[in-house]
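A.B. asks: One-letter residues, chain by chain:
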Amino acid sequence: MRNAFADEIVQLASEKKRLALLSGDIGNRLFDTYKERYADRFLNCGVAEANMVGMAAGMALSGLRPVIYTIASFLIFRPYEQIRLDIGYHNLPVVIVGVGGGLSYASNGGTHHSMEDIAVMRAIPGMQIISAGDAWEVRAGLRAAYESGKPTYLRIGKKREPLVHKDRIADFKIGKAIPLRDGDDASILASGNLLPFAKETSETLSRQGIETSLHSFHTISHLDEELLNKLFKREKPIFVIEEHNRNGGLGTAILEWANSQNRDTRLIHRLGAQNEFFHRTANQTEARGMLDLTAGHFLNRILEVTS
Amino acid sequence: MSELQQIANELRGIAIELSFKGRTPHLGSSLSCADIIAALYWEILDINPQNPEEPQQDRFILSKGHAVTTLYAALAKKGYFPVEELSTYVEADSRLPEHPIPGCIPGIDLATGSLGHGLSVAVGMALANRIQKLDNRVFTLLSDGECNEGSIWEAAMFAPTHKLGNLCAIVDFNKWQATGRSQEVMSLEPLEKKFESFGWNTYRIDGHSFDELLSALRKCESSQETPTAIIADTVKGKGVSFMEDDNNWHYRIPTKEEVELAKRELGLITLNS
Ligand SMILES: Cc1ncc(C[n+]2csc(CCOP(=O)(O)OP(=O)(O)O)c2C)c(N)n1
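Which chain is which? The protein sequence lines are A and B, in order. Under the working numbering, the first sequence has 128 at position 128, and the numbering climbs by one with no breaks. Under the working numbering, the second sequence has 1194 at position 194, and the numbering climbs by one with no breaks.
Errors might be hidden in some of the hints.
[Unchecked claim] With the C-beta cut set under 10 angstroms, the calculated list includes, among others, these residues of chain B facing chain A:
1. Phe1020
2. Thr1024
3. Asn1048
4. His1066
5. Arg1095
6. Glu1098
7. Ala1111
8. Leu1115
9. His1117
10. Val1121
11. Gly1124
12. Ser1151
No lab work stands behind these hints: they were computed from the structure. Think of the CB as a built atom: it goes at the ideal place given N, C-alpha and C, for glycine as much as any other residue.
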């Protein structure tokens, strides 16, 4: 997904003269083309993420449209107050791109995991959150975030994630989930890195005679309420899949929404990770297995509930 | 070759093997600080590897956690855990992850990997020692890019205020960070003057000279009233000709042939891991 971001940002910068890219001493060579073409609109901000966020706010207050980029855990947690106040409170058009969301950097240990980023970003009023499910969603999400002119967190994976969409997503809209499969027995809402697993699960279920609808629910703030209204009316289980702790993520957002709308919250099943620090040595594949975040686990959970 | 140099090269050899085996980056970062870590663990730190929980000993925090392979090598050789266990590096459920996890192995107190944490925690340990009337010292190793972080300078201002003579910060100044020359990313220089003006006893030394390392490290004594900063000029990838000062080795993983070549250059003819 990071290559898709690096490619799309070059195209976007050619169209948008106010775009400036700030990065936090990561992405060796990733931005070579961008730097060649738009050297004056690139800043390597060093290993100083809080300063980077504050500077982006200053640039936005002075007519520019910054896009800031580094590893999700370092971009969100330490500079959180800068994000909350300098960007959020002032409602500034800054696109905050966190690479390696969820367990993409699992092998690096807990310092690099971002399983609570969505929870804390959701708490900032007005902050839009998009969690990209494949490289095409990265590209579309980046454009939509930029065009929106609002503070937006774009959470992306790392590299070599499978594609779910076949091509550029023409009608990507913030707050509008993308339908991928139909089915009346249950629904699956997935956002971010695990979208390919969600698709696999839905397909396997179909072969076993259980038809689930599947949506890429890329936007966490703000929720696609029209879709949620429709799904809750069916009174069928709703499974929420995300590479994030169960507490505070998309599943929780939907739970809170359902509660506020007097919907039946028992329909919701949050298939995220347990809300604990993950202390084990593991690469992303191993970590997903240990945390019950695989297509096999999703399948079993859905079968348990639907049968 | 001095005995310390021999040890440092063995640490380098292990770091190279681990990077190869685990397919993990940051090899240049591990090599640049091998001499510093050898000097600390073999000559300076008053430690008890058999009983790491015992409070009455010196502490070391590797703030630049991405160079942990060198620290794992040192801890294994010092007897904190069996040398054979190094072969489990980054395997599922190993005690030796790519960056240290809290409590992963004895001898590592802090999970580092997010840069900019070690100095503040070291300040806290130094304060705790003083409050509890322990005269042990606290050492921490920072990287130059890490000194971009504001938190480093918050701690740097705090430590002299509280007269933490029992604290020593070493900067592995290899002149590179992940994506560029340190000095081109942020104006670190003159780095020793920065620490000095913040109130530290500061030494700028050749970080590959054991004489200079040892004499500077010995300046840290808990009886004094000023913390010690050692700006160690180092070479990223030190010890292996084709890695030295080539920042591709921040990310690159050596091939089998490169491992052999490197170990030959380091004088490690007998392979032990
Ligand atoms: C807070 C934080 N931001 C970013 C990173 C990603 N990262 C890993 S190593 C590194 C820079 C390495 O340069 P330096 O600190 O000078 O250490 P060296 O490898 O040269 O010893 C960066 C930015 C990180 N680990 N922590």
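A.B. asks: Can the hint on B/Glu1098 be confirmed by a CB-to-CB distance to chain A that is less than 10 angstroms?
C.D. replies: With a minimum Cβ separation of about 5 angstroms from chain A (threshold 10 angstroms), the hint on B/Glu1098 holds.
A.B. asks: Holds or violated: the hint that B/Thr1024 contacts chain A, with Cβ atoms closer than 10 angstroms.
C.D. replies: 8 angstroms, holds
A.B. asks: Tell me if the interface restraint on B/Ala1111 is satisfied: Cβ within less than 10 angstroms of some Cβ in chain A.
C.D. replies: Since chain A brings a Cβ to about 6 angstroms from B/Ala1111, closer than 10 angstroms, the hint holds.
A.B. asks: Is the shortest C-beta separation between B/Val1121 and chain A less than 10 angstroms?
C.D. replies: With a minimum Cβ separation of about 13 angstroms from chain A (threshold 10 angstroms), the hint on B/Val1121 is violated.
A.B. asks: Does the CB of B/Ser1151 sit less than 10 angstroms away from some CB of chain A?
C.D. replies: 8 angstroms, holds
A.B. asks: Using 10 angstroms as the Cβ threshold, decide whether B/Gly1124 counts as touching chain A.
C.D. replies: 17 angstroms, violated
A.B. asks: Given B/Phe1020 as an interface hint, is its Cβ closer than 10 angstroms to any Cβ of chain A?
C.D. replies: 15 angstroms, violated
A.B. asks: Answer holds if the nearest beta-carbon of chain A is closer than 10 angstroms to that of B/His1066; otherwise answer violated.
C.D. replies: Status holds, d = 9 angstroms.
A.B. asks: With a cut-off of 10 angstroms, does the beta carbon of B/Arg1095 approach a beta carbon of chain A closely enough for the hint to hold?
C.D. replies: Because about 7 angstroms separates B/Arg1095 from the closest Cβ in chain A, which is inside the 10 angstroms limit, the hint holds.
A.B. asks: Given B/Leu1115 was flagged as interface, is its beta-carbon under 10 angstroms from a beta-carbon of chain A?
C.D. replies: 5 angstroms, holds
A.B. asks: Double-check B/His1117 for me: the hint is only fine if its C-beta lies closer than 10 angstroms to a C-beta in chain A.
C.D. replies: With a minimum Cβ separation of about 9 angstroms from chain A (threshold 10 angstroms), the hint on B/His1117 holds.
A.B. asks: With 10 angstroms as the cut and Cβ atoms as the points, is B/Asn1048 at the interface with chain A?
C.D. replies: 26 angstroms, violated
Taken one by one, the earlier hints fail for this structure at numbers 1, 3, 10, 11, listed in ascending order.
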